[in-house]
Structures are given as structure tokens and as C-alpha cells.
Amino acid sequence: MILDMERRNACDNKKVLVDTDIGGDIDDALCLAYLLGHPSCELMGITTVSGEVEKRAMIADAICKVAGRNVPIHAGADKPLLPSPLYPKPDGAARLSNWAHETAFQKYRAVDFLRQTIRENPHEISLLAIGQLTNIALLFLIDPEIPELIKELHIVCGVFSDELQTSPDMPMANWNSWADPHACAIVYHTNVPVRRTFGLNVTTRLTLQRREKADLFSTDIMKAVEDFGSPWLENNVMTFHDPLAAACLFEPQICEYQRGFIDVEIKDERTLGMMHFRPSDDGCGEIATSVNRNHFFEHYFSIVCR
2 MILDMERRNA CDNKKVLVDT DIGGDIDDAL CLAYLLGHPS CELMGITTVS GEVEKRAMIA
62 DAICKVAGRN VPIHAGADKP LLPSPLYPKP DGAARLSNWA HETAFQKYRA VDFLRQTIRE
122 NPHEISLLAI GQLTNIALLF LIDPEIPELI KELHIVCGVF SDELQTSPDM PMANWNSWAD
182 PHACAIVYHT NVPVRRTFGL NVTTRLTLQR REKADLFSTD IMKAVEDFGS PWLENNVMTF
242 HDPLAAACLF EPQICEYQRG FIDVEIKDER TLGMMHFRPS DDGCGEIATS VNRNHFFEHY
302 FSIVCR
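Using the numbering used here, count along the sequence shown one by one with no gaps and you end on 307.
Hints were generated in silico from the structure; no laboratory data involved. Treat the hints with care, since some could be wrong.
In silico lysine-lysine, DSS-like type, Cα no more than 25 Å apart, as pairs [claimed, not checked]: (1) Lys16 - Lys214; (2) Lys66 - Lys268; (3) Lys66 - Lys108.
If you anchor each label on the Cβ, the simulated ranges turn out as follows [to be verified]: (4) Glu55 - Asp282: 43 to 49 Å; (5) Asp144 - Ser85: 31 to 37 Å; (6) Asp221 - Pro73: 19 to 25 Å; (7) Pro73 - Lys224: 34 to 40 Å; (8) Glu146 - Val238: 24 to 30 Å; (9) Gln210 - Leu83: 36 to 42 Å; (10) Glu121 - Lys268: 28 to 34 Å.
Just so we're clear, the structure is a prediction, and the values are computed from it rather than from any experiment. Built from N, CA and C at the ideal position, the CB exists for glycine as well.
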């Protein structure tokens with residue numbers, strides 16, 4: 002009976018690769034803690050993107066070490082596809098001295114690792130993209146067969162709300178597209194068997210005040226998450242953008258979805274990176290249109306607060 006259960010659990014496991022700009026907004030670290038804690042997540046590797054990628058890899062490694070896990074980690078693209086004055090730095094790296102971590106990470110190694118892992122596990126990899134899409138675009142350009150070899154692709158990107166699109170924070174708040182709109186356009190003009198996008202119209206409903214879950218940062222791994230995220234939390238509300246996309250790999254019913262096409266603005270500088278959704282039953286992907294907030298947090302807490 003125990004052996005049968007172990008076999009069943011192995012069959013239910015998801016092989017996950019996560020591409021992240023961890024070290025700024027705390028949600029990347031919250032997401033990593035969830036993946037490390039999920040019993041059905043076989044975390045195949047972590048790749049980093051977007052400014053000082055080596056330090057971002059160190060942060061990811063530090064959190065993995067606290068969890069007692071040896072996960073392959075590779076630094077990726079340090080800058081967007083086209084020249085840009087943007088060069089975001091991971092403020093959380095200031096906390097690296099508080100935690101044990103490896104330091105031997107080199108830039109531009111991520112794409113080779115992603116390509117090899119996906120080719121060695123065809124139609125089995127769930128790819129989670131929670132940073133700007135430079136690494137993913139380069140992967141798709143270098144090996145055009147890769148998109149068809151991925152099992153599913155979850156992306157945190159976009160706004161998909163007229164009200165949010167006209168807010169003073171746009172287009173910068175749509176960071177994962179705005180920071181490298183050309184990479185974003187490449188990814189969204191490539192067909193993947195299953196592609197789901199989680200935009201600000203849904204993820205911004207998942208804010209959490211510390212008083213709502215006073216013991217959230219009580220475990221060792223969550224203490225590390227809090228430490229690396231503390232520079233962000235000094236001036237920002239904790240919002241679970243990235244953890245939602247991760248949770249929906251395992252509990253897709255947390256959200257409702259709509260099928261359609263997404264176009265990315267790459268010509269007009271005023272709206273650079275803006276993503277336009279066109280509903281269609283024949284569309285090549287889905288966007289999340291709503292989220293069950295209670296279901297999400299109950300599920301998230303059940304994983305990270307054990």
C-alpha cells in the first residue's frame with residue numbers, strides 16, 4: 002500500500018523550471034518558498050534574469066540552502082535584448098551576508114541549462130516565468146523546437162484592465178513586459194501547448210497585511226524570505242503576484258481563465274510593453290480573469306506554514 006502511494010505521488014509530481022528576477026519585490030522569494038515546500042513539485046532548476054543576475058542567483062541559492070535543498074541554479078541574461086538605460090539591482094542582495102550561499106555564478110548560462118533540461122525531459126517541464134522574459138525569448142530563438150517540447154508555460158505579465166492601464170504607475174508597473182518588451186513580444190508570438198498569463202488585474206487582488214497572518218515568517222525558510230524581501234517591504238505592500246502563477250500549476254481552479262490572443266506594443270514609446278488581449282476561442286493561450294482569494298491563501302499557507 003505504501004509503495005503504491007509513493008508511485009502515485011511520483012506520477013503526480015510536476016517537473017518545474019522557474020525563471021526569476023528574485024531580489025527585488027518579495028513575491029519572487031515567496032514563490033520560491035512555495036515551490037520548495039510543495040510535495041508534488043520537482044524543482045528541476047532556477048534561472049535568474051534582469052540586472053546583477055549573479056547576485057540574484059546567490060539569493061535563490063541561499064533560500065534553497067535554508068530549505069536543505071540542492072537545486073541547480075544558473076544566472077542568465079543581465080540586460081534586455083535591445084540597449085536600454087534600465088539596469089535594476091536586487092536590493093535584497095544587501096542581506097546575503099546573513100545567509101550561507103554559493104558565489105560561483107556566471108552570467109548568460111541560463112539558456113543553455115534551460116534548453117538541455119527541456120530536451121532531456123520532453124513534454125514534461127512546467128516552465129514558470131516570473132521575471133522579464135529575456136531568457137525565455139533567447140531560449141525560443143536559439144532552439145525553435147523548444148516551445149513544442151514544454152508541457153506548459155505560466156507567465157506573470159500584463160495588466161488587462163482599462164482602469165489599471167490608465168493609472169499613473171503605467172507602463173512601468175507592467176514590469177515584466179515593460180523591462181524588455183521585445184522579448185515579451187517574441188514569447189507571445191510563439192506557440193506553446195499550454196500558456197497561461199497572470200496579469201495585474203488578478204494578482205493585485207492578493208495583497209496581504211502582516212496582521213492577517215502573523216506567523217507567516219515563523220519557519221526558517223520564511224525568515225530568509227522576509228530578510229531578503231525586507232528592503233521591498235519598507236515601501237511596498239506585500240502582493241502575491243508570482244506565487245499565484247506557481248500555485249495554479251498545481252491548483253488551476255484557483256483562477257478562472259479566458260482564451261485569446263495577446264499582442265505586445267513595441268513601437269510606441271508611450272505605451273511600450275503594453276499587452277493587448279483579444280478574446281477568441283481559437284486563441285493560443287489564456288489569461289486569468291479572476292481569482293478566489295480565500296482559496297489561494299488557504300492553499301499557499303498550507304504549503305509554506307507547515
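Within 34 to 40 Å: is that where the Cβ-Cβ distance between Pro73 and Lys224 falls? For Pro73 and Lys224 the Cβ distance comes to about 24 Å; the hint is violated.
Check the following: the C-beta atoms of Glu146 and Val238 are separated by a distance inside 24 to 30 Å. violated, 41 Å
Outcome of range test on Cβ distance (Glu55, Asp282; 43 to 49 Å): holds, 44 Å
Hey, Lys66 versus Lys108, does the alpha-carbon distance stay inside 25 Å? holds, 21 Å
Checking one constraint from the list: CA of Lys66 to CA of Lys268, max 25 Å. Satisfied? violated, 43 Å
Pair hint outcome, Lys16 versus Lys214 [Cα-Cα no greater than 25 Å]: violated, 30 Å
That 19 to 25 Å hint for Asp221 and Pro73 (C-beta), does it hold up? holds, 22 Å
Evaluate the given range 31 to 37 Å for the C-beta pair formed by Asp144 and Ser85. Given range 31 to 37 Å: violated, Cβ gap about 25 Å.
Is the distance from the Cβ of Glu121 to the Cβ of Lys268 consistent with 28 to 34 Å? violated, 38 Å
Is the hinted range of 36 to 42 Å satisfied by the C-beta distance from Gln210 to Leu83? Given about 39 Å between the Cβ atoms, the range holds.
In terms of the numbered hints stated before, the structure departs from hints 1, 2, 5, 7, 8, 10, listed from lowest to highest.
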